[in-house]
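Enquirer: Residue strings, one per chain:
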Amino acid sequence: MSSKHPIGIDLEDLARQDALTRRAKSALSYFVLGLFVLISVGPILYVISPAFRESKSLFSYPPQWLPNSFYLGNFKFLLTETNYIRWGINTLIFATSVTLISLVIDTLAGYAFARMNFPGKKLLFGCILATLMVPTAALLAPTYLLVRNLDRWTFGLIGLDTFGGLIIPMTVSPLGVFMMRQFIETLPKGLYEAARIDGASEWRIFTKIVLPLMKPAVVVLGIFVFMQQWANFLWPLVITTKDETRVLTVGIATLQGQFVTNWGVIAAATLMTIAPIIMVFLFFQRWFVQASVAGALKQ
Amino acid sequence: MSQTDQNKVLIDWQELSLSDEEFRRARSRYKLRGLIPVMGFLGPFLLLWTVFLAIPMLWSIWLSFNTGGLIDEAKFVGFDNWSRMLSNDELVRSLKNTAIYVVIAILTVFSLALTIAGLLNSNKRGQNFFKVALYFPLLVPPIMAGMIFFFLTHYDMGIINLVLQATNHEKLNFLGDNPNALLTIVSLEVWRGLGFWVLFFLAGLQSIPSDLIDAAKIDGAGSVRRFRKISLPTLRPLLLFAVIIALIFNFQLFDSVQVLTKGGPVLGTTSVVWFIYKRLFAFQDIGLAYATSVGLLIVVVVLTVAAYGFLGKRSEN
Amino acid sequence: MAEVIIRKLTKTFGDNTVVKSVSLKVEDGEFLVLLGPSGCGKSTILRLIAGLEDVTSGEILINGEIVNFVNPVDRNAAFVFQNYALYPHMTVRKNIAFPLETAKLPKEEVLKTVNEAGRILELDQLMDRLPSQLSGGQRQRVALARAIVRKPVVFLMDEPLSNLDAQLRQQTRIELMELHQRLGITTIYVTHDQIEAMTMGKRIVILKDGELQQIDTPTRTYEKPANTFVARFMGAPPMNLIKGEISLASGQLEFKGDGFTSSLDYLKMGLTPDLISRHNNETVSLGVRPEHIEISSDVSAGELSGVVKFLEPTGADLFVNIAIGEETAVVRCQPKAKVQIGTKVSLKFASENVQLFGADSWNINSNL
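Protein chains in written order, with our numbering: chain G, 1 to 299; chain S, 300 to 616; chain E, 617 to 984.
Be aware that one or more of the hints could be misleading.
Claimed, not checked - Only pairs whose alpha carbons sit at most 30 Å apart, straight line, appear in this in silico BS3-like list of lysine-lysine:
1. Lys215(G) - Lys723(E)
2. Lys925(E) - Lys189(G)
3. Lys720(E) - Lys215(G)
4. Lys470(S) - Lys395(S)
5. Lys964(E) - Lys925(E)
If you're looking for bench data, these hints aren't it; they were derived computationally from the structure.
Can you build the whole structure from these sequences, using the hints too?
Expert: The structure is reproduced here in structure tokens:
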């Protein structure tokens, strides 16, 4: 930054120049940041417009961007002529169930790996870690076949087009177990030992001591899982065939196929689906930011 | 008591009362009792993991040596699927597409995210506001982000083309042409992923010990120089780890393809997962899809293990 | 109230044997201290008795019953941790009540017992506070309350005072002693601080590298250390050790060191000619404590003497460091003693204050 200054130069001048460059740099930085904010938020705002216009008018020439009247027909269509509400309920049930079940089994397993001893612990944990990132796509065929075959064995609880089939396979989250284990390990070992000496069973230690101290981690994981499943597309796409069993992501995608030109409705659907998430997000900012970074950085 | 008797009493309490055999048996019983709660805690997850992750993994390997099985009986074909993999045009194309996409996407996202993270790190004011704003795209389910981009880039009603029209420029055919289509998808994914990676790298930058930065400042290094010579090298293991994570995520490109291009135009945007999906549910020549699935599986597991390698290096640092 | 016996207790972690076949018996109601440097296995032994670690081999008996494979809680031993291990999200009251509630005792009984414990440990004002709102000493007392509430038969304490500052440590030490007197529960206390050991223990068990060095009363470990390790570990500054050879000459024990000879009365030392001749041809160490040596500027030839190297005034004493050949000896003098650095002085001491250690580092007097 600074090069040689010949003796005799006005130091005050220099200081002023330095301050100027710093301020200029700062301004530039904020400008660039602001630009990216626009880029990030812009497209989402963009969807607001087509949602409130008749699909036909979207293609009119000369093209307009701003709506000249507030058209609510798209929303009406969405709510009455499609199964949107049904999809919404399905998605809510789906995401919530997966989250709750995941949290339960992940915290239990995390506790076992963190604080219990048993032969083959390291090996087993290693195996589970190796499968951490296995994508649904790679196991699409077998999982699909599995769920389809399980229909017979589970009296229809788990099968195609069932909640069971939709939810259960998605509850397996090695990442969740990993995160919970990492967190539990940070709790002082002495607490656990003191409780054992006090006579507490593993279950009591888990519920009365470990769990209360885990609240933040559980919330973070919960949000992470919920968001992930809310946005899940491939699996629900594959496992549901009937319109009534679809989730929002799949349902809205079908709007594209069925009503090819009704983009207004699609925009409305997208808007309606995104808006609550954004609202919840703005409310719970802190947790969300933690959750996403936790997803990959937690180590 | 005589001296010897006294000594005997003195020493007697030190003699073990359990034989080796009894000791070992009692210990095994004790240890086995301790395993019962373990099963209770580990059981549910382990059961689900085995049924829905481990077994499908093994099954998929078996399937890769078969064909059919979705609507009809599976037929064993040995290595047929595997040997045909590289000669299948569609598959080769999808591999190429995915590879190009992954490389461009990761390079773009990382450079942008690093820059923004760097800027955010040095300009602390309003950091929270920027973080929140940049996070928005992540809230949008990928498929809907695809819809949004469809709107944006639509030839007739997308705002980009509207603006171009208004300023007397030629409209761009985002999705109807190669390589535009693939690049559009790249832009979509970059847009979506930016927020996450900014947060990721920001956390990484903030974990660099401040003494290093301070030392550089004293040595007169400007912020750009500091970034290049100090921050980046320190982050290297983290970067490598990030690359691997990004690779794994991006290899699974599907949702955008489904919404925007359905693999077209002319296979221009077929990704590996799209290929698998299409094949599986077109019920034709499923064997290839099976083999590809296993290929994907292997790639991901290998990358995962590599990622742990880098994670380990980082903690050594 | 119980008697604790450990027999040939061994504990291995992987390749590392941390406790090597240790046997000891703790009498009913005794306050026994396990003392030693870090890594000597004292904490491990405590944890083995508590059931926090599994025994590799050997037996642990409480009141005559083998408890190796009994759950910690059923051993009826209470444990006080170095870091107190208080449940951070529970109030003091809930912390103390935890073991009782775990045992599913009726509410009224729990309440009564908790309050009683609180009273004994003077915690009545703090019952509704959280651990984070307490000072170190207060947390210590809560940990103790939680321990006594179960009416254990054995108290196991793992360096409970290490986390307190010096002044608080002394005060708490006294409180612990009073508690022990009041409740009379068999206590096994682990520490690395020999002052604590000396003042608190009825007997001290000194350990090094997982092996027993000496079990004795504090006084005897001080006056008659079993080996050079104990000799140097107990007492600050430690016992002086000077190398030489011994032989019998004209009814006296002759100690021949580097440039000097000392004549000692072996009877006063409790030794026999037989014992002495057994160690004739080896390098033995002569041990004598700083406070038992008198120095004078009056030096005769062949006498034990040395050059004053430096002085350490501590207010109550003056410790004079003297170089004897290659070795150093420390002598405790009166604070105002007129000693000058560089002067040659002679060292004199009485026979009965001398301990002799063989080449194997063990006290040659085996009848201790």
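Enquirer: Each of the hints needs a verdict: does it hold here or not?
Expert: Right, here's what the structure says about each hint:
With a CA separation close to 28 Å, the supplied pair Lys215(G) and Lys723(E) stays within the 30 Å bound. In summary, the hint linking Lys925(E) to Lys189(G) is not supported, as the alpha carbons are separated by about 49 Å, beyond the 30 Å threshold. The straight-line distance between the Cα atoms of Lys720(E) and Lys215(G) is roughly 26 Å, inside the 30 Å bound, and the hint therefore holds. Our distance criterion of 30 Å between C-alpha atoms is met by Lys470(S) and Lys395(S), whose separation comes to about 28 Å.
Proposed proximity of Lys964(E) and Lys925(E) is supported: the alpha carbons are some 18 Å apart, at most 30 Å.
Checked against the numbered hints above, the structure breaks only hint 2 and satisfies the rest.
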